[in-house]
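First to last, the protein sequences are chains A and B.
Numbering follows the working numbering, with no gaps: position 72 of the first sequence is 83.
Numbering follows the working numbering, with no gaps: position 67 of the second sequence is 78.
What the hints contain is simulated information worked out from the structure, not anything from laboratory work.
Watch out, some of these pointers could steer you wrong.
Any copy, or any two copies together, can satisfy a pair, since identical chains are not distinguished.
As the list claims (entries may be wrong) - List of simulated lysine to any residue pairs, SDA-like, C-alpha gap at most 20 Å:
1. 119 x 332
2. 69 x 157
3. 198 x 287
4. 53 x 273
5. 207 x 50
6. 55 x 273
7. 161 x 192
8. 53 x 272
9. 161 x 195
10. 207 x 110
Protein chains: 2
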Amino acid sequence: MAIKVGIFGYGNLGRGVEQAIRRNPDMELVGVFTRRDPASLKIKTEGVPVYAEEALEKKEVDIDVLILCGGSATDLPVQGPKYAALYNIIDSFDTHAHIPEHFADVDKAAREAGKIGIISCGWDPGMFSINRVYASAILPGGTPYTFWGKGVSQGHSDAVRRISGVADARQYTIPVPAALEAVRAGKAPELTTREKHTRECFVVAEEGADLERIEREIKTMPNYFDEYDTTVHFISAEEMARDHAGLPHGGSVLCSGVTGAEDEHTHVIEYSLKLDSNPEFTGSVLTAFARAAYRLQQEGQCGARTVLDIAPAYLSALSGEELRAHML
Amino acid sequence: MAIKVGIFGYGNLGRGVEQAIRRNPDMELVGVFTRRDPASLKIKTEGVPVYAEEALEKKEVDIDVLILCGGSATDLPVQGPKYAALYNIIDSFDTHAHIPEHFADVDKAAREAGKIGIISCGWDPGMFSINRVYASAILPGGTPYTFWGKGVSQGHSDAVRRISGVADARQYTIPVPAALEAVRAGKAPELTTREKHTRECFVVAEEGADLERIEREIKTMPNYFDEYDTTVHFISAEEMARDHAGLPHGGSVLCSGVTGAEDEHTHVIEYSLKLDSNPEFTGSVLTAFARAAYRLQQEGQCGARTVLDIAPAYLSALSGEELRAHML
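Given these sequences and hints, build the entire structure.
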């Protein structure tokens, strides 16, 4: 019997999860849930109903795991604990500073309900976190470095779009090649924020807008851009549509460390991702962890988990025997 | 209180584990156990006693986790079940075809004794297995590729040394650059054994040996060399000592897969290792899993496990709170 999965939120990430479920024969999409008018939503999977959020509250649909595809700023802090009280849930909460608080909220609700809530799934936090932990456990004393890109940062793109006079914007995060190479060579360099990444913005300005002011406002924006070397290109709406429609991303977690009586041997561990579609890959990770959530609850476990608390075997459709025979 | 670790077998791997324990302040080496005469063994850690194997059987030393550093051919199939009946154990059993049988043997002994036995730790099997499972769970339909090298294969070096007229030998396994690049580019090529790796042998021949025969015997050796393009170089004992004393290794697990309604997006996941010392890195992995074994038994679990059954958090010296706050 397939694992019955619900999707709450049908933006880029929700659509990515929908595509991922289609590729996992042991899972079945049983409903998409939305705060919009359900009648206004046309989803890609034939025969699967779209429901209003209220259907979730009323438990109208039999769901094994609910994948929350909302945003970290305002959606997930509310939806996580609310729905962990009713369903096994998965989310991609990615506000690093607030993870401990979100974990505690989901943990409380899930424990009381006997459900599992796996938070902060995706690739960072997510697969990158897993690799930071493995690498630093194997090479204690080594420092894990994380490089993002080249890829579109949706948060930074949104920040540029909020500047007055900007009609549209796309921001690429780009690792500095020399920094990446130094880390790959096991040199364990000390790197400032500016030395690790550059930022490149493509901006469609409104007619008559002051381009110099826009560029200055981007480059000096606190937290988002002021600590980086940023390049700004003004382009037409046509160029934006033609050259920057995708949401590629990726990056690397690198860790070097030494062993031997006199630190004479250097080891470099690298985990890297090259993703044509950030939301579809993130959706694929969420879907694999949905399988884990289902199995954990079947075992009688409950409470909040992160990707660090889940053994790899729980993500695979293969049995323990199959994994040992073919994948180990 | 530190985790008390014993090492059984003091070859390259045992010495690698010894170095790793030194870098993990929550662990303490309490003894090295050997089938040789203990008085003949000089170990690197001051103040730690060397015992004969019998001390293990008699449980003379208080040990939380025993790390078995013997070979897979004849040592571990016997030592695994024997010592899982007495201690939590870790091993690096790497005969892929016999893993299911070894797992069953260790599982039975460990369950009866209430101990944990984690088998097949290291990098392959080990970290590479973990990455094959994660990648294929996230990208179902994608094929994980494993490339080894450039590095010294001890099994292949030994095989060459067994040829009559060979005084010493070192065999390097080398990935074929074109194959690696095709997989990295997400092309998911079909590759034969010959297309994935080449083999390069450095041989010191005995005086008067028939070099042509040695080269022919190497290149046609079933399983080891016959399916590969192999290069053989005859060198002097001095060149061997000068240029080939180390045991570097490494490699990559790569997996590409597609997402999207029309398979329009390709994703590439790569996990790669560059290791100056294969046995010291393997020893570092074993040591991290020793921490996991200790914690699992503290929780009241027992039986055999593989690296696929262990959540990443169990390997880290950090607490769940610390991991969520700093590593997620």
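Now the hints, each set against the structure:
| no. | hint | result |
| --- | --- | --- |
| 1 | 119 x 332 | between (34 Å within a copy, 15 Å between copies) |
| 2 | 69 x 157 | neither (42 Å within a copy, 48 Å between copies) |
| 3 | 198 x 287 | between (30 Å within a copy, 14 Å between copies) |
| 4 | 53 x 273 | between (63 Å within a copy, 17 Å between copies) |
| 5 | 207 x 50 | neither (46 Å within a copy, 53 Å between copies) |
| 6 | 55 x 273 | between (59 Å within a copy, 11 Å between copies) |
| 7 | 161 x 192 | both (15 Å within a copy, 19 Å between copies) |
| 8 | 53 x 272 | between (63 Å within a copy, 14 Å between copies) |
| 9 | 161 x 195 | both (17 Å within a copy, 16 Å between copies) |
| 10 | 207 x 110 | neither (24 Å within a copy, 43 Å between copies) |
In this structure, the earlier hints numbered 2, 5 and 10 are contradicted, and the remaining ones agree with it.
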